[in-house]
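Asker: Chain by chain, the residues:
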Amino acid sequence: MRRALVAAAALLGVGLLACLGPYPNVAEELDGVDLVNGTSYIALDAGAARILILAPFDGGRTAPFTRIDEQQPRAVQTIQGTYSGEATNALNVNFSSTTLFTLPNEASKPVSSRVGASRHQLSPPMESRAHIETSTDEVLDLSGSSDVAGHFLRLLGRTTLITGNDANAAACAFHLANLAVESSEARIPGFNSAGLTQYLNREEPFDGILSGTVTIGLVGLFSPVTTNTFRNYADFEGVVLDGVQVSSTDTGGNGSLSGVLGFRIGRDDLPPLEGSVDYRAVTLTAGNESGNYLVTLDGGATYPVPTGRRIPSLEECLGL
Amino acid sequence: MRRPQRWAVVVWLRLLGPAVAAAHPAEAQDAPAVPGPGPEEVTTTADPRAGWRHEFSPAWHMATFWSKEGSHYTFHSISIGYLMSVNASGPYLHLSWVIPLQARQDGNVHSVSSVYQNAGGLDLLLGWQWRKTLTQEIELEGGPGIHMNALNLGGKPGLTNFNALQLGPGGMTVLRWRPGWRPHKVGWTVGAVGALGIDLYDPLRSNDLRIGVTLRMGVLLGVDLP
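Line by line, the protein sequences give chains A and B. Basically our numbering = 1-based index in the first sequence + 3. Basically our numbering = 1-based index in the second sequence + 41.
Calculated from the structure, these hints are not laboratory results. Mixed in with the good hints, there may be bad ones.
Looking from chain B toward chain A, a few residues come up when the C-beta cut is under 7 angstroms (computed) [said to hold, decoys possible]:
(1) Ser108
(2) Gln146
(3) Gly148
(4) Val150
(5) Asn202
(6) Tyr242
(7) Arg246
(8) Ser247
(9) Asp249
(10) Asp265
Cβ atoms here follow ideal geometry from the backbone N, Cα and C, with glycine treated the same way.
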């Protein structure tokens, strides 16, 4: 009875204060991600990162793929599906996308008006045709459809450029780890909006595209405390997350972050770069971050990395 | 215990007088001033439609609606309702606790208990009613109103919640049978109720609602208070 009353109060409160976006499907699974275990590539275009994960064909003619687009400030679009080469010309590749995850940039909107992260099944699938211009161990050049085109470099080969434990290395490692954090947020329905109320007094795990889980839980309707717990979480090669990120706000999204998130940056032929980010110096105003991330690489000092635009840029960090 | 002051009694009577008159308009109009009728005559001439009615109503509740994104949803539920109306013409309230049993979307049918936990809802119909006496013991009541249908279905682990807050115009009709038995001057009634809501707006869901129809049909058991 108490839970029913809480649910009724939550519904009434949310109804009065916010919108939750379109109706969900009946009996819809929260976690709709497909696991894709393959080679991860990264391309950058004016600071916007595009990550492409291609699973091997393993003798077949089609294989799963994932493409993650991340723009600043936080906006993520992830598509998943399968790709296949044309029978007559193996350099022509068709990407067939069946699932779309979006986390739109809603920084200018009040939290109560945001739609937040959502998932859409693409029916019929979205077809994107590309042509392989270059394909080596380190480089993959795709032309054609803007959904998948880009000058891609193998991610594990680029992370080798992040070395040492100084301020620059700490910032670069953080920016790379934060790509995985933001990528995870796009797959949690309702994230960055009032839709998070559906996690009130429950904990829901979401699989990483490559491995592990991120579990989200919310406590308190009018002073919500949201906890994202990462366990061996990886969306793409090169970044594994372990730890917690906690946001404590009022209903308007004003408050702060806390928690410590550990990260491990994988590098070809080098030991992984391990470190952590402490969120206690990040303030939230209307759901938007300001302040500093306190980043520490193992054996190094703690450096503040400002929120907002990446400094240094990912292009500089990864030599792109 | 202190005795009430005379002025307080006067004020209380002044305040109560209009309220009693409003609750018993037909009695007040029908009762001749001189000579006073006997008690039996008052009972037979009093308008049975006067006063407050409070009723308990179990019902079948169906909410079917179409979203702007192109899906068609239907929820079949049982509801436990409280119905209230006043006088031959006056306000009415239908407030129901809704317990969803079956959820459908685009041809897929789900037992609510298999995919949701803590499923429940509220159906509210508030408006103005008129009552017509068909025979000495049978009457018909009906009127328009504003309607709200709120549903909240908490998903089981791994599944999404489903909730809605739909608003629109509505209406209801009640067929009521009042047997002559009136213990302690309290009238008992049984009957049937049907209510319809046409929902056009959902503030909770970015107004993804194209149109919704809510239908409630049930029985009622109630009392008429003087």
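Asker: Was the hint right that Arg246 (chain B) lines chain A, CB cutoff 7 angstroms?
Answerer: Because about 5 angstroms separates Arg246 (chain B) from the closest Cβ in chain A, which is inside the 7 angstroms limit, the hint holds.
Asker: Against chain A, run the beta carbon of Gly148 (chain B) and see if the smallest gap drops under 7 angstroms.
Answerer: violated (11 angstroms)
Asker: Does Asn202 (chain B) pass the interface hint, meaning its C-beta sits closer than 7 angstroms to a C-beta of chain A?
Answerer: holds (4 angstroms)
Asker: The hint names Ser108 (chain B) as touching chain A; please verify it with the least Cβ-Cβ distance against 7 angstroms.
Answerer: holds (5 angstroms)
Asker: Holds or violated: is there a CB of chain A closer than 7 angstroms to the CB of Val150 (chain B)?
Answerer: violated (9 angstroms)
Asker: Does the interface hint hold: is Ser247 (chain B) within less than 7 angstroms of chain A, judged Cβ to Cβ?
Answerer: Nearest chain A Cβ about 5 angstroms off; hint holds.
Asker: Is the interface hint satisfied for Tyr242 (chain B)? The criterion is a beta-carbon contact with chain A at less than 7 angstroms.
Answerer: violated (12 angstroms)
Asker: Tell me if the interface restraint on Asp249 (chain B) is satisfied: Cβ within less than 7 angstroms of some Cβ in chain A.
Answerer: Asp249 (chain B) check passes; min Cβ-Cβ to chain A is 4 angstroms, inside 7 angstroms.
Asker: Given a cut of 7 angstroms on the nearest C-beta pair, is the interface hint for Gln146 (chain B) held or broken against chain A?
Answerer: holds (4 angstroms)
Asker: Using 7 angstroms as the Cβ threshold, decide whether Asp265 (chain B) counts as touching chain A.
Answerer: violated (31 angstroms)
Hints 3, 4, 6, 10 from the earlier list are contradicted by this structure; the remaining hints agree with it.
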